[in-house]
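Here is what each chain is made of, one letter per residue.
There are 2 protein chains.
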Amino acid sequence: MQPIYGKDTARDIKYNVKLEIARWNGRGITPRMAVVLASSDPASLVYVQSKKRTAESLGLGLEVFDLGAEVSQRELEQTLHRLSDSAEFQGVMLEFPLAPHLDPEKALSRIAAHKDVEGLSPANLSLIATGREKDAILAPTPHACILLAETQGPLIGKRVAVIGPGRTVGRPLISMLINRGATVTVVTEHTREVQTTLKDCEVIFVCVGRHGLLRKAAITEGQIVIDAGINVINDGLKGDADPEIYPLLKAYSPVPGGVGVVTSALIFQNFVRALELQAQEALTGGQA
Amino acid sequence: MQPIYGKDTARDIKYNVKLEIARWNGRGITPRMAVVLASSDPASLVYVQSKKRTAESLGLGLEVFDLGAEVSQRELEQTLHRLSDSAEFQGVMLEFPLAPHLDPEKALSRIAAHKDVEGLSPANLSLIATGREKDAILAPTPHACILLAETQGPLIGKRVAVIGPGRTVGRPLISMLINRGATVTVVTEHTREVQTTLKDCEVIFVCVGRHGLLRKAAITEGQIVIDAGINVINDGLKGDADPEIYPLLKAYSPVPGGVGVVTSALIFQNFVRALELQAQEALTGGQA
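Quick mapping for you: the protein sequence lines, in order, are chains A and B. Just so you know, UniProt numbering puts the end of the first sequence at 288, numbered straight through with nothing missing. Just so you know, UniProt numbering puts the end of the second sequence at 288, numbered straight through with nothing missing.
Misleading hints may appear alongside valid ones.
As the list makes no split between identical chains, a pair holds if one copy fits it or if it spans any two.
Stated by the list, open to error - Once the Cα atoms are required to be at most 27 Å apart in a straight line, the calculated DSS-like pairs of lysine-lysine come out as:
#1 K51 <-> K238
#2 K216 <-> K14
#3 K51 <-> K216
#4 K7 <-> K250
#5 K51 <-> K250
#6 K216 <-> K106
#7 K134 <-> K238
If you are wondering where the hints come from, they were derived from the structure by calculation, not from laboratory data.
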């Protein structure tokens, strides 16, 4: 029952980001990221402030555009389009959740692929889904799941399961696992006999967003669980796994301290990647 | 060992397409599809001529743009972009395979989503991969696989396998199966113990493109096999399944006569869908 902490992986990622950003700073340039808020979710403000502190410690600028919970779809899309077009920002990110009247899919389609630090625009998803990750920016949460799982050995040829094929985590994660040669089984709310279905899987990724969803009855001794759940419960952050399963497992990523920590760092690694893509495009006259 | 023929499904689809096109013809309009060739593949020419005959029998126009095997990437992309922009064509399709020097991904990204009758543009793939099929145009081959499988009962809650997560068939098929609530296992060339992995699957979809790939050793009696393989062998078209497995199966789609027949019809259903999407957009001023 070895915990897989994200701390060391996150530190290495941020260290490299800092070096890359320092090269730009050395040329008198402070690359900047734009974060757009469109909700009245109090947690989002906290997350954004935390990102801002990290950004500053890494040498890049981060500007928040708080459009409020009443913003229209059209205005949100125009803002994202304008920021994607602007030479002032090299990364654009839309903080979730959005106010309920807004359409996330249409909003995301207005973020230019080469500035999409969350890797959720249709162009990036499609590159990942077609196995062309080297041309894509990878969504940070599923990418963090992969990195933590790989601390336990390569995924090629392994039987693995993804519980919860959601838009932002499960779906891109399935593609990334296929790209790495894993034999993936996708478990949904309609899956019957969950324990039987999971039995032969060495690694179980759980990304549903419901605390305590993954219980003893579903687990076979010696499995590895990577927990992408982030559930705000009275006494703090909790994952999708019920801690009662930990003693049965070979290894598991805790919440907090696992996937989330690496995810936060990967947003900035993606920002560096976005800078590179834009530099390449500038060199090739937009034909990259 | 009941064969699942595609003939009846294809006939119903074409009947509805003919009715829809007749409504346009009645208003003096002949909708038109553009098919772009960029290879020296002799089979492609045969396929295109067959599509042209079907198109004419359904009341729509089909124009072939044969760019030859020497066309540059830039010229191919410009042609696709121009046809997507042109009011003369309501559907645009790129015939595969392309000449080897051409990049299919970049080419497909130049086809407007609302004219993409093969459902392979990044925007359509991304809609399918995020569970928003109702806004998408579905790739005909995986869609045909789904329709044939559903003749044996709904897919929700069923354990199914996809062998071969390729770009044009397997990948979108995986998404479509998840969207229908199936419990999907993806089998690749790296999968160990294939028979064990497939054992609990009621339906096996095979889409690798290698004749005889799926043999007795992989099968458990009573399974259903949907065969999306199209392999040109000396004595005709063959699927990925070795016919030696047929007696073991509950049902199977033959090649030829199964998936391919339905696929051909669905291209024209997609053309009608493309017409609808363009009419909607015209009504909403391009904000649809």
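Structure-based check of all given hints:
In this homomeric assembly, K51 and K238 come within 27 Å of each other (Cα to Cα) only inside a single copy, at 20 Å, whereas the closest approach across copies is 56 Å. Taking the shortest Cα distances, K216 and K14 never come within 27 Å of each other, neither inside one copy (36 Å) nor across copies (51 Å). In this assembly of identical chains, the alpha carbons of K51 and K216 never lie at most 27 Å apart, being 36 Å within a copy and 55 Å across copies at closest. Taking the shortest alpha-carbon separations for K7 and K250, only the intra-copy value of 19 Å comes in at or below 27 Å, while the best inter-copy value is 52 Å.
When the C-alpha separation of K51 and K250 is checked against a cutoff of 27 Å, the pair qualifies neither within a copy, at 33 Å, nor between copies, at 56 Å. In this assembly of identical chains, the alpha carbons of K216 and K106 never lie at most 27 Å apart, being 40 Å within a copy and 47 Å across copies at closest. In this homomeric assembly, K134 and K238 never come within 27 Å of each other (Cα to Cα): the closest approach is 33 Å inside a single copy and 34 Å across copies.
Checked against the numbered hints listed earlier, the structure breaks hints 2, 3, 5, 6, 7; every other hint is satisfied.
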